[in-house]
Amino acid sequence: MESYYYLQSRARWNGTLAMGGPGGEFRAHLRSNQPSNTSNPPPPPIGIPQIRTSAHVSSIRASCGGGFWIQDHKHLHPPDIPTSPDPPLNLGNLLPSILNSVVSPPSASPSIPFGARIPHSHVSHPLPPLPADPFTKDQWTTLLALGDTIVASLEPASPANAASTTVLPIPQDEYSASVATAKRFAAADADPKNIEAWMREKPSENEELKLQLWRFLGSYTPEDLRKQFKLVLTLLNYRAGTLVLGGYATSFADLPLSSRHAILLSWQKSRIPMLRQLLKSMSMIFKQLAAKTSPSLYNLIGFPRIPVHGEPVPGFDFKFMQFPPVTGVYVGKGPAPEPEEVLETDVVVVGSGCGGGVSAKNIAEMGLRVIVTEKWYHWPSEHMPMNETDGMVHMFMDGGGIVADDSDLIVLAGATWGGGGTINWSASLQTQGYVRKEWAEKDKLPFFTSAAFQTSLDRICERMGVSDKFIEHNHANRAVLDGARKLGWAHKPVPQNTAGKQHYCGYCTLGCGACVKQGPANSFLPDAANAGAQFIEGFDAREIVFEKALKNGKRVVSGVRGVWTSRDENGGVAGAQRTVRKVFIKAKRVIVSAGTMQSPLLLLRSGLKNKNIGRHLKAHPVNVVGLIYDQETRPWEGGILTSVVNEFENLDGHGHGAKIETAVMLPSTFLTFPVWRDAVDWKRLATKTRHAASMFAMARDIGEGYVYPDPVDGRTRFHYHVHPRDRAHILEGLCGIIKLAYITGAREIIPGIPSIPPFVRAGPIPASSSSSTYNNPYPAPRDPAHPPPPAHPESDYPHAPSTLDDAGVNDPALLAYLALIRKTGLSYPDVQFVSAHQMGTCRMGASPNVSVVDPTGAVWGTDGVYVADASVFPSASGVNPMVTNMAISDWPFLDYGRPNFGISCCSPSGRKIGAFGHVNYAPASPLSRITFDVRLSSSQPMPIKTVMPSGTHYPHRRSSMEAQYRVISPRSTRVSLVTSLFQFI
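For reference, each letter of the sequence shown is one residue, going 2 to 986 in our numbering.
One should not assume that every hint holds.
[Unchecked claim] In silico SDA-like pairs for lysine to any residue, Cα to Cα no more than 20 Å straight-line:
hint : residue 1 : residue 2
1    : Lys443    : Ala847
2    : Lys231    : Asp255
3    : Lys555    : Ala859
4    : Lys445    : Ile703
5    : Lys824    : Pro758
6    : Lys281    : Arg678
7    : Lys555    : His310
8    : Lys612    : Asp864
9    : Lys270    : Val245
10   : Lys231    : Ile273
11   : Lys502    : His310
12   : Lys281    : Gly826
13   : Lys493    : Asp469
It is worth saying that the hints were derived from the structure and are not from the lab.
Please work from the sequences and hints to get the whole structure.
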């Protein structure tokens, strides 16, 4: 495959010769003495200029702090410049014709320029095919009977439906109260018919729900857990089994729905933990699926499919490598051998997430050939944000969550181009000092308290435009900040990686259609592309391959072997016609950035034996509190997580405690985690979503778990049971949330503890307990479309309400409630914990006895294998880990510019050209000298002096360059570049 590089003149030139690293389209702002033929040129994009010439430049080699680029130019002949078998090299005559022409690359540019505004559209992104049916017909009948009990069809009780197996009869006054609640909380433009429709909905009549249930239990549930669940369903198919598990001598599906409902209520308090756990798990599945597939709920609560705020734009136009299907006839004995596609590069980065994106950018900008592979697929911005069903399948591991072996913890992890940086919530917090001190002293990693690490933190934040200056807080985040202010607690806004722009959008966990969130797909990966990196999506890295011979007792890397699966004929991933190829990428260095849940599995599949691989999993476990306010909150609007309370972050005196933050509030996410108390309660809660908020307490965990491959299919499995001390810290955080909610005027406070009913306030709420008081420094956004509704007239819960006075959080009813919560605790298996941050499974350390990688990220016992993701954290970071992850990934791979990296390189045609020359950079040196050697195929001397374009900028390096050529011999020319403030460290 030929590579084309071109230079587009955008200004004046003075005989400038511009050369740079291979890859993609680059444009340069060149200085000259004559006007350009391009009027009013735009500011030049970031990138190194390229030259495309018919001259026979046989090879170029450069040394730049240990890194360089090479390119064989023999095929680079622009169509508008005549060529001859052996043209004389006269760059003085050649450059004007090149610089005054615009040579287009082979693939057309997108019709909509990068950054232009486009309207949102409902772009199709079909889901992958369903797996084989996981259940028998009778098991499906019982499963849907369970679902119809959890998300029951409600009707007023009457003699006709008393023994119904399809509807849950409830007293007329209770039904009327539920309808009245729905009317009170419904959107102003909701169709009244959808209130009754929502009350009558049930899973067995929702075809989309049934398909997604099939997908979840068939594709994302491990075989051993599915067998256990099938056993329970089979038991409930029989009278004897239902008698044992539920106390009724009739098969579960044949019981009246009211009796089935009574069985589930009995499981809540069962002495058999398995039944309590079964109810918790099944209720979460059906609540989430019912919320995201309901034909009536979105309209009822006024949830718009597409964000009403923000300006959607097209993202970066990534180009991915493609491999042809295998063709031809095999003649021979036995099965046909499957041919393997072989690529060659300097560095392969396995994973496109936060660590991989930063590593790829840095290495590509040093001039090395880089290939970034990703197991999953890139979805352009016109697909984002995806809907709640498709987004969970296309962008998260295991369709939305990986469940621990004992179900104590659910892990949310990205599975898309850009990794977790594509689906996270923009929170960009730097590593706190006490954590850095712990890593430096306890873990013997002094780098973390060095100025160099702070430089990396700042460089990362600068590239992403991290700031808290442009935040417009939504209701929940205003409540956190204002409540903490009233209580005198430590708190602050959370900086956002939004390129110094306001970003009032709560959908970004399903992808940022506005391309404002500067995750890797909108920042570091485009930078890597502009520096010449190549990309492969759909590449499942199966193993790291090593040479047979050892080097200094270490295994020497030779590349990565995996399986590539193409998109289908429509550009999606749902079609049957998809090419599958084995691919081997020969590389001198392999950077593993597959994420905390998958990087250790790749190391294990590659035959590495370090006992620490996969161990020491940290997860920042959280528990969520749901809130209902009198006023509309429209919780899906605004930044998801723009505030934090640090008051409880150091409860043990050793840096372990809990932080309070806000959660994403898409309907299915919010409605999944509140405890299922009964079918009526959950349906009524769903109608209040427009007035809801949620906050969570997140522990910097003391406990830890481990990941391992499933013995059947190799998928990621993990064990993690929340440590008792972490449960205690989260409990204190939950009590803090309850106080925050109370002081900011929450009407209902809904803890995630099954035996604790919601705390409900009756009567008017005084101004002192409000998140909209006159002195609130975080004012509500102006949105006159829907004025606040009247105050909530009555409680929906039949327990004793609190009394209201000016006592604030000293309200006796509130204090009694907090005492009850502390007494009850967060017991297993009743309480569900969730993790959006995973760390530590390839942790960094000073010795292979306690860690997987050394202080530079190199895997112990290997030559050429590095890990660059959150799995290298020595322990939990205590803050949202994105910035820490990126900064750690930033620093070691700047180390590639030093002599210990020393790669020998080849041109794309495979011809060896040379090895690195090394330039040592002093950290404080203001000047560094870089030397280029250019070998020419002609003896014609160069008659001109050339100047590299000034103002060539790298977001993380401030530099200005000047270069002069001088003829050393008829066939060799040396170029010296003096760089000012060229910061490699």
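Hints, verified against the model:
The hinted pair formed by Lys443 and Ala847 meets the criterion: a straight-line CA distance of about 10 Å does not exceed 20 Å. Our distance criterion of 20 Å between C-alpha atoms is met by Lys231 and Asp255, whose separation comes to about 18 Å. A threshold of 20 Å between alpha carbons decides the hint, and for Lys555 with Ala859 the separation of about 12 Å falls inside it, so the pair holds. Under the criterion of a C-alpha separation no larger than 20 Å, the hint pairing Lys445 with Ile703 is consistent with the structure, at around 19 Å.
Under the criterion of a C-alpha separation no larger than 20 Å, the hint pairing Lys824 with Pro758 is consistent with the structure, at around 14 Å. Taking the CA atoms of Lys281 and Arg678, the gap is near 10 Å; set against the 20 Å cutoff, the hint holds. Distance restraint check for Lys555 and His310: the Cα-Cα separation of roughly 54 Å exceeds the 20 Å cut-off, and the hinted pair is therefore not satisfied. Distance restraint check for Lys612 and Asp864: the Cα-Cα separation of roughly 19 Å lies within the 20 Å cut-off, and the hinted pair is therefore satisfied.
Of the supplied pair hints, the one linking Lys270 and Val245 holds, its CA atoms being roughly 15 Å apart against a limit of 20 Å. Our distance criterion of 20 Å between C-alpha atoms is met by Lys231 and Ile273, whose separation comes to about 18 Å. A distance of roughly 13 Å separates the Cα atoms of Lys502 and His310; the hinted pair therefore holds under the 20 Å criterion. Distance restraint check for Lys281 and Gly826: the Cα-Cα separation of roughly 17 Å lies within the 20 Å cut-off, and the hinted pair is therefore satisfied.
This hinted pair checks out: Lys493 and Asp469 have alpha carbons roughly 9 Å apart, not beyond 20 Å.
In summary, the one numbered hint that this structure violates is 7.
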